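*Asks:* Please model the complete structure; the sequences and the hints are all you need to start from.
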Amino acid sequence: MNFIEENQESILGFLDCDYINEEGNVIYLSCGKKNLSENIFTIKLKILASMQQRGFFLQQEHKYYGLQLYLTIESKIPNDDKLLELLKELEIDWELIFFRRRLAIHDWTEIECERDSENLKSYLRAKFESLNYFDVNNITRLVIKNNLAFIVADKMASLLHKMKSERTFQLQEKKFQKPSFSGDDYPGDEYSITLKKAEIAAAAKLACAYLGIQKEIKFDRDISDAEVIKYQEELTNI
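Following the numbering used here, the numbering of the sequence shown begins with 1 at its first residue and continues without gaps.
For the record, the hints were derived by calculation from the structure and aren't laboratory data. On a predicted model such as this, the values are computed, not experimentally measured, just so you know. Backbone N, C-alpha and C fix where the C-beta goes; we use that ideal spot for every residue, glycine too. Don't take every hint at face value.
To be verified - Ranges of calculated distance between the beta carbons of each label pair, as one might list FRET restraints:
#, residue 1, residue 2, range
1, LYS33, GLN60, 28 to 36 Å
2, LYS33, TYR210, 31 to 39 Å
3, CYS17, GLU129, 45 to 53 Å
4, ASP225, GLN68, 58 to 66 Å
5, ASP225, LEU84, 50 to 58 Å
6, GLU85, ARG125, 40 to 48 Å
7, ILE77, GLN170, 20 to 28 Å
8, ILE238, VAL26, 57 to 65 Å
9, ILE97, TYR19, 29 to 37 Å
10, GLN53, TYR210, 37 to 45 Å
11, GLU89, PHE169, 49 to 57 Å
12, ILE77, VAL26, 50 to 58 Å
*Replies:* What follows is the structure, encoded as structure tokens:
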């Protein structure tokens, strides 16, 4: 009581708080509400001060600590009317959040795929269904050999995916037109189940050209330049 009486002008009040030792955070307020609408499951509000960021606030704000507000919203859809009204009332630009989220996801994917080739393989398999296990491995192998960026690998896979899809469509169309048609009647060289190394090399050259990247693609000696040029023309005409 003596402390309170002696410091009445500087004390605004007392507040129960929770210190999370592992995170170095002091939680001043933590609350939430469930089932706000048909689409919004929960809204959680948290006000905290991070002890780990004391140096930042001292340098930038000339304060020993700063309060941070976290608003966590669990919603079935991202554009619920009540959600947008709340964000508008809080003067939060929803379009900017969406834009930053897209950039963050893309940046994270690019960083992780360039850091670990296994992540790149998983990404390509998930995104391009027509590419089989050997296709993905051979694409990744050429990417590593030439130290190509993620955007080049993604463009390569996209071109090859379109080529395989177009080939499958043409093959099915030909089978439909000729019931007696068998796979052996069509040049297997052109419609191989697994992509050829020359096709992948051609895709790499085209991808670099489309993206404005000047780079000489190195490929295995058993691949002829004539083959690469041939498949480059096919990829260009898709």
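*Asks:* Against this structure, judge whether each hint is valid.
*Replies:* Verification of the supplied hints:
Range check, LYS33 to GLN60: Cβ separation about 33 Å, and the 28 to 36 Å hint holds. Evaluation of the 31 to 39 Å hint for LYS33 and TYR210 yields a failure: the beta carbon distance comes to about 50 Å. Range check, CYS17 to GLU129: Cβ separation about 51 Å, and the 45 to 53 Å hint holds. The beta-carbon spacing between ASP225 and GLN68, approximately 59 Å, falls within the hinted interval of 58 to 66 Å.
Here the CB-CB span from ASP225 to LEU84 is close to 57 Å, well matched to the stated 50 to 58 Å. Range check, GLU85 to ARG125: about 41 Å between beta-carbon atoms, so the 40 to 48 Å window is met. For ILE77 and GLN170, the Cβ-Cβ distance of about 40 Å falls outside the hinted range of 20 to 28 Å, so the restraint is violated. About 59 Å separates the C-beta atoms of ILE238 and VAL26, a value consistent with the hinted range of 57 to 65 Å.
In this structure, ILE97 and TYR19 meet the distance hint of 29 to 37 Å, their C-beta atoms being roughly 30 Å apart. GLN53 and TYR210 have their C-beta atoms about 43 Å apart, which keeps the hinted 37 to 45 Å range intact. Range check, GLU89 to PHE169: Cβ separation about 51 Å, and the 49 to 57 Å hint holds. At about 34 Å, the CB distance of ILE77 to VAL26 disagrees with the hint of 50 to 58 Å.
Hint compliance for this structure: hints 2, 7 and 12 are not met, and every other hint is.
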